[in-house]
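All chains should be modelled from the sequences, with the hints used to inform the complete structure.
Same order as they appear, the protein sequences are chains Z and R. Note that the first sequence covers residues 45 to 158 in my numbering. Note that the second sequence covers residues 98 to 405 in my numbering.
Covered, in the sense of this in silico footprint (three residues per stretch, anywhere, with C-beta under 8 Å from a C-beta of chain Z), are these stretches of chain R:
id : stretch
1  : 163-172
2  : 382-396
Here are the simulated distance ranges between beta carbons:
id : chain 1 : residue 1 : chain 2 : residue 2 : range
3  : R       : T297      : Z       : R104      : 46 to 52 Å
4  : Z       : D105      : R       : S253      : 17 to 23 Å
5  : R       : A395      : Z       : R104      : 19 to 25 Å
6  : R       : G354      : Z       : R78       : 48 to 54 Å
7  : Z       : E123      : R       : I150      : 37 to 43 Å
8  : R       : A160      : Z       : Q101      : 18 to 24 Å
9  : R       : N148      : Z       : R110      : 22 to 28 Å
Since the hints were derived computationally from the structure, they do not count as laboratory data. Built from N, CA and C at the ideal position, the CB exists for glycine as well.
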Amino acid sequence: MTYDVPVAPGESAVVEERAELSAETWPMWEVFVRARRGIAHVHIGSLHAADAETALQNARDVYTRRGEGASLWVVRSSEVHAFEPEEISDFVDANEKPYRLATTYDIPDEVGHM
Amino acid sequence: MTPEERFEAIIAAEEKIEPPDWMPDAYRNTLIRQIAQHAHSEIIGMQPEGNWISRAPTLHRKAILMAKVQDEAGHGLYLYSAAETLGVKRDELQTLLHQGKHKYSSIFNYPTLSWADIGTIGWLVDGAAITNQVMLTRCSYGPYARAMVRICKEESFHQRQGYESLIALCSGSPQQKAMAQDALDRWWWPSLMMFGPHDTDSTHTEQSMEWKIKRVSNDDLRQQFVDMTVPQADYLGLTIPDPELRWNEERGHYDFGEIDWDEFWAVVKGNGPMNRDRVDHKVAAWDEGSWVREAALAHAAKRAESAA
Ligand SMILES: [Fe+2]
Ligand SMILES: [Fe+2]
Numbered sequence: 045m046t047y048d049v050p051v052a053p054g055e056s057a058v059v060e061e062r063a064e065l066s067a068e069t070w071p072m073w074e075v076f077v078r079a080r081r082g083i084a085h086v087h088i089g090s091l092h093a094a095d096a097e098t099a100l101q102n103a104r105d106v107y108t109r110r111g112e113g114a115s116l117w118v119v120r121s122s123e124v125h126a127f128e129p130e131e132i133s134d135f136v137d138a139n140e141k142p143y144r145l146a147t148t149y150d151i152p153d154e155v156g157h158m
Numbered sequence: 098m099t100p101e102e103r104f105e106a107i108i109a110a111e112e113k114i115e116p117p118d119w120m121p122d123a124y125r126n127t128l129i130r131q132i133a134q135h136a137h138s139e140i141i142g143m144q145p146e147g148n149w150i151s152r153a154p155t156l157h158r159k160a161i162l163m164a165k166v167q168d169e170a171g172h173g174l175y176l177y178s179a180a181e182t183l184g185v186k187r188d189e190l191q192t193l194l195h196q197g198k199h200k201y202s203s204i205f206n207y208p209t210l211s212w213a214d215i216g217t218i219g220w221l222v223d224g225a226a227i228t229n230q231v232m233l234t235r236c237s238y239g240p241y242a243r244a245m246v247r248i249c250k251e252e253s254f255h256q257r258q259g260y261e262s263l264i265a266l267c268s269g270s271p272q273q274k275a276m277a278q279d280a281l282d283r284w285w286w287p288s289l290m291m292f293g294p295h296d297t298d299s300t301h302t303e304q305s306m307e308w309k310i311k312r313v314s315n316d317d318l319r320q321q322f323v324d325m326t327v328p329q330a331d332y333l334g335l336t337i338p339d340p341e342l343r344w345n346e347e348r349g350h351y352d353f354g355e356i357d358w359d360e361f362w363a364v365v366k367g368n369g370p371m372n373r374d375r376v377d378h379k380v381a382a383w384d385e386g387s388w389v390r391e392a393a394l395a396h397a398a399k400r401a402e403s404a405a
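In structure tokens:
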């Protein structure tokens, strides 16, 4: 497969070794793009940059080379807080609270579209 | 449900594994290795083509080539970004590349000797990459699959500009056409090698297929590529350098000759024509750029201070 370099006989498939980093590196930023007016910003990836200004410049060059963006946000990755439950039941289960759903209410046909 | 069962269930349901999910260490390590190699390939892949930017025959071709090489840098960055969701740092992966502990696709260890090589790379090398990467858009790891969708959109430009530049050469002077033929003669077999060993000799294919990281086997992808490419060579009036190549009515596919596996393994093991040059060049570019990285950090710190 194209970029999956085969493992030569006698070599190990997985490099588990971690490299030591000598210098301080640029922090990571998450990139959000609004593809065009009227829709929300969507997360498209991350990048490294020294500060917000260069992060925005890099985001423009890396993620919007063909007019894919009408607006860009960058957020320091360390500033993103996430709720990622292991179990889906940590979110409200729609089946347990059906009265929250519009389709569970019977409206007579004579009333027309509602 | 145990984490293992949840992982298996997501894979079985054709859903995507996302970064915070529990995953087996072997799945994580396989992905880190594969995505890193893929990223390194995009980055090293800029060198053979960058070699011709200053000598492109027209301003138009030069602009195209610069745009393509810039895209490859972007592909590398999307992929490092995908790898980082697995808990490794980009600089760490890069250091492993510089130390020769990580590999990249062998195709980039061949030299670009003439202008026709640039068109041929777009047509064959990006063409083979597309065959593989379209499959990877269905990979079970979300960030990798999403990066592939972005990349595939851009690869189509790469392949089409290459083929169009070969049409120009093949409808030019006899010397130009001969140059195109020479490039095809040199790039054909290395392009077929891009798909890796035969399925029977491919050590980690089976597990990758089970995990749905890989969806189509090496030999099937290679066959797809040959079937797609032969008529394109015919259109150019070029001859594919394989005396055994012929249409097989019964199979509904082209039969083709055997790859020189000795050459294949020699290049994988680091003994291709350009292995040393590629890595030396990469390391030199990184070292020479260190002052820029340091200056940017110093500038950011100073600005933050004066704003505070
Ligand atoms: Fe690429
Ligand atoms: Fe490409």
